[in-house]
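Peer 1: Fit chains B and C to the supplied structure of chain A, relying on the hints for placement.
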Amino acid sequence: MTAMLALELRGLCKSFGGLQVTNDVHLGLGAGARHALIGPNGAGKSTLVGLVSGAIEPDSGQVLSFGRDLTRTSLQSRVKMGLVRSFQITSLFPKLSVLENVQLAVNENTGVADRLWQSMHSLREQRDRCLEILAELQIQAQADFPVENLSYGKQRLVEIAIVLALKPRVLLLDEPAAGIPSTETDLLLSALHKLPAEMAILMIEHDMKLVRDFCADVTVLVSGKVLASGKAQEVMNSASVRNAYLGRSGHDRFTGVKDHA
Amino acid sequence: MDQLTPAVTFILLYGVSFGIVLFVISIGLVLTLGLMRIVNLAHGVFAVLGGYLAFKLPALLDIGFLAAAVTAVLLVLLIGVVLERVFFRWLFGMSELEQVLATIGFCFAFIALLTFAFGPNVLATKYPEWLSGNVSVLGRPFPVYRVFVMVAGLVILLGLWLLFDHTSFGATLRACVDNQSMAKASGINVNWYFSVAFAIGASLAAIGGIVGAGMLPLEPLYPFKHLPLFLTIVALSGFGNIKASLVVSLVVGLVDTAGRYFVPELGAFTVFTLLVILVLWRPQGLLMGWK
Amino acid sequence: MAAAGSAHGLEVGTEMELNKHNFWRSRVGLLWWLMALACYFIFPDYRGFGASVLVMTLFALSFGLALGFAGIISLGHAMYFGIGAYVAGRLALAGWQEPISGVLISGLVTGVLAIGIGFVILRLSGLPLLMVTMALSVIVFEAANKATSITGGDDGLTGVSFKPVLGIFNWSLDGNVQFLYSLTWLAVVFLFARRLVSSPYGLSMVGIRENPLRMSLLGAPVLRRLVVMYALCASFAGIAGALLTQNTAFVGLQVLSLETSVDVLVMVVLGGAFSLYGALLGAPVYLIVKYVTQQWNPFYWMLVIGVLLMGVTFFLKGGIAGFLSRIFQNRRTE
Chain A
1 MTAMLALELR
11 GLCKSFGGLQ
21 VTNDVHLGLG
31 AGARHALIGP
41 NGAGKSTLVG
51 LVSGAIEPDS
61 GQVLSFGRDL
71 TRTSLQSRVK
81 MGLVRSFQIT
91 SLFPKLSVLE
101 NVQLAVNENT
111 GVADRLWQSM
121 HSLREQRDRC
131 LEILAELQIQ
141 AQADFPVENL
151 SYGKQRLVEI
161 AIVLALKPRV
171 LLLDEPAAGI
181 PSTETDLLLS
191 ALHKLPAEMA
201 ILMIEHDMKL
211 VRDFCADVTV
221 LVSGKVLASG
231 KAQEVMNSAS
241 VRNAYLGRSG
251 HDRFTGVKDH
261 A
Chain B
1 MDQLTPAVTF
11 ILLYGVSFGI
21 VLFVISIGLV
31 LTLGLMRIVN
41 LAHGVFAVLG
51 GYLAFKLPAL
61 LDIGFLAAAV
71 TAVLLVLLIG
81 VVLERVFFRW
91 LFGMSELEQV
101 LATIGFCFAF
111 IALLTFAFGP
121 NVLATKYPEW
131 LSGNVSVLGR
141 PFPVYRVFVM
151 VAGLVILLGL
161 WLLFDHTSFG
171 ATLRACVDNQ
181 SMAKASGINV
191 NWYFSVAFAI
201 GASLAAIGGI
211 VGAGMLPLEP
221 LYPFKHLPLF
231 LTIVALSGFG
241 NIKASLVVSL
251 VVGLVDTAGR
261 YFVPELGAFT
271 VFTLLVILVL
281 WRPQGLLMGW
291 K
Chain C
1 MAAAGSAHGL
11 EVGTEMELNK
21 HNFWRSRVGL
31 LWWLMALACY
41 FIFPDYRGFG
51 ASVLVMTLFA
61 LSFGLALGFA
71 GIISLGHAMY
81 FGIGAYVAGR
91 LALAGWQEPI
101 SGVLISGLVT
111 GVLAIGIGFV
121 ILRLSGLPLL
131 MVTMALSVIV
141 FEAANKATSI
151 TGGDDGLTGV
161 SFKPVLGIFN
171 WSLDGNVQFL
181 YSLTWLAVVF
191 LFARRLVSSP
201 YGLSMVGIRE
211 NPLRMSLLGA
221 PVLRRLVVMY
231 ALCASFAGIA
241 GALLTQNTAF
251 VGLQVLSLET
261 SVDVLVMVVL
271 GGAFSLYGAL
281 LGAPVYLIVK
291 YVTQQWNPFY
301 WMLVIGVLLM
311 GVTFFLKGGI
321 AGFLSRIFQN
331 RRTE
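First to last, the sequence lines map onto chains A, B and C.
Each residue of the first sequence is one higher than the one before, starting from 1 at the first, in the numbering used here.
Each residue of the second sequence is one higher than the one before, starting from 1 at the first, in the numbering used here.
Each residue of the third sequence is one higher than the one before, starting from 1 at the first, in the numbering used here.
One chain only, chain A, in its complex shape (with noise of 0.2 Å):
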């Protein structure tokens, strides 16, 4: 008997006028699962991306979490089953300080958002609950100050918190590291391990060398078609995969000479 599968795309097809964008993509992804998504510019991942969240409605094909056809239902309620997505660009909440934007996220997890009457302050649950993710993730001491006068290595830390506030079942990370100097690297790195182990996250990313490091299974998608998908060692091997990464370069990446592009 197979377990139910966290997160699982059947035959997502999506395309823009003439554009086929998503095609007939397959995934699945197991509890604890922790799966790269990776392929040339270009290829359709920001589309899948959108499409697993809700932004996007396929033309096709089904997105299921836990069993439950998600393919119809909203952002926000994928939210509420605990599928949750964080961002290639930071997109926070800029003039409110890092402990209000995480506590954003808390209180519409801990369902108090909607409470016109009741004082923050007596939100006791709430505030303890933010301090200590911010703590997990070292970033107490700026509770305070503004997210848009942090550097842009801790907003990023910011974003992993907020996400991590709304406890999902399934975490879509796009791009994590996108935009971090190396020198801040570190600090995201140590925090995507303590992610919880039971959360299946499926990661998008160019940062071979943080694939390696993260993820256990690696789909390749390449003009909107997954090429190919199983164990990061043998995918990453894989000629063809290594061919779609067109030239040296491509094949620098995969041979881990080079991390980047």
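Read the hints as simulated data drawn from the structure, not as lab findings.
For each residue, glycine too, the CB sits at the ideal point set by N, CA and C.
Possibly wrong hints are sitting among the right ones.
[What the hints assert, rightly or not] Distance windows between CB atoms, simulated: (1) Val28/C x Asp186/A: 45 to 53 Å; (2) Ala55/A x Gln254/C: 41 to 49 Å; (3) Phe119/C x Glu57/A: 15 to 23 Å.
[As the list claims (entries may be wrong)] Residues on chain C that point at chain B, a partial pick, calculated with CB under 10 Å: (4) Val262; (5) Val266; (6) Val269; (7) Asn297; (8) Val304.
Peer 2: What follows is chains B and C alone, placed relative to chain A:
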């Protein structure tokens, strides 16, 4: 049936002439919004100023109406250039709300100045002899004035068409509207084109104000009073889309005229109801690129 | 510890931040209420005028919440103000002359109306929303203009009278009851608004204003929240309108006009859109300036307001409240 044809014809004629006036006035607003992404709620000041000058100068300078009209347009052009440099330019990076506020403020201040200069009442405008009187259309009288408006409108349209579609200036201007960053990257001095477009818009508004004084009476409150109308046209036209604004202006002119004719109890209703329906039906389509 | 200096300027923040904010804010805030009460005694001849100022302040508060807090840019808020005014007037003419319940009914009507309207129009934002709100209020104005049997048209509703407040306080021409009655209502709504603002709901509204897409990705029902906020603001505006009717025993078309919507926009921006006290500062300043300059020349006030508006937009970001807030912040870091 026999009653309907002349009624419809007249509605068409009145509606189209009204629409033309609205179009000529609104072009500047459409351009400003399209090119500079500036919401200029004070655009009406150019129209009303042109009108006031054209009708006051004959007595002041002892010149004919036509000469006064031309002078008025040139004066407004000049004033427009100055104002663009001194004030409107600074609205460029601001949020929508701030632009709304600043231009409303400007509008208010301008209205106050107009009141001070010309008094608070509607100016009784009298067009020269050659524009008064009627012609016979389908056996009924139709004002020569309105014929003039339509002819003037056609001339302006022709001029605009030549300018935008057949000169390099026009082509460059259109490039700036369509893709600002590309235009800049190609070395085009986009700011200069903005200023020129602004000046053109102001002058056209002045012409519209002068020509349209018989339909939109001149008074200090003019820019504020007709703001909803101008904004409606711009809202439904999209950005920098002159052709669309022509269609929209004509439609607005026709709807307003027809509305007042067939359902006089509703008055100004019809246009705004149309606006609400349209914006709700196609909020993305109508103001594409806004958000 | 760095001063977060939240631009949203409302009582949202960590406990430590909040304490600092509260200390000065409640000092200044209290001062405002004391001054308002003092005006009652210091300017006995102006109690009627004072009552109108208080009513407009309440209206401005309702608008400020929608604008500064929820980010709803509307040029049509007078619609709710006017409808509230007419509902109160018609109730009185129909025999329902108990003032407090009259106000509550007006507020309820406008609130419910706004729920319906809000669900439709709040899918828009920015310029399209501005346009639709303006168009709607113009439509309502024209409708009211024509429906003379209901609204009295140009002449307005006259012969409107009310029973004494709480059965004891009689309405009189010197404005005593009007002033204190309006002040009380303002205080009640203000306290409600303050609670709202410092609630988790309030925080989520700020989130929606700053980044609505992200909020929906946090699972927040954005449209529903906006509609609730909008309806509350419409209610408050309706309450203000009803108060105006009760204070002046009259309802005129002016309450529904575009000028009124613009007036309230100016008041809020002048005072500072992002602070609750913005409305409380902006409305009196605007109205007093208007009153004084109109004595010279009816149109001079437009010049003054026009210049003020431009000045505030270019130089005084955050209005008067923002300005004061910055002064107090500097004092705090000494």
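Peer 1: Starting from the range 45 to 53 Å, see whether the pair Val28/C and Asp186/A falls in it by beta-carbon distance.
Peer 2: holds (46 Å)
Peer 1: Is the distance from the Cβ of Ala55/A to the Cβ of Gln254/C consistent with 41 to 49 Å?
Peer 2: For Ala55/A and Gln254/C the Cβ distance comes to about 46 Å; the hint holds.
Peer 1: Answer holds if the nearest beta-carbon of chain B is closer than 10 Å to that of Val304/C; otherwise answer violated.
Peer 2: holds (8 Å)
Peer 1: Holds or violated: is the Cβ of Val269/C closer than 10 Å to a Cβ in chain B?
Peer 2: Holds: closest Cβ of chain B sits about 5 Å from Val269/C, inside 10 Å.
Peer 1: Are Val262/C and chain B close enough, Cβ to Cβ, to be under 10 Å, as the hint says?
Peer 2: Holds: closest Cβ of chain B sits about 6 Å from Val262/C, inside 10 Å.
Peer 1: Taking the closest Cβ pair, is Val266/C under 10 Å from chain B?
Peer 2: Holds, because the Cβ-Cβ distance from Val266/C to chain B comes to roughly 8 Å (cut-off 10 Å).
Peer 1: Using the Cβ atoms, figure out if Phe119/C sits within 15 to 23 Å of Glu57/A.
Peer 2: holds (22 Å)
Peer 1: Have a go at the Asn297/C hint: is there a Cβ in chain B nearer than 10 Å to its own Cβ?
Peer 2: Given a least distance of 8 Å, the restraint on Asn297/C holds.
Violation of the numbered hints given earlier is absent; every hint is satisfied by the structure.
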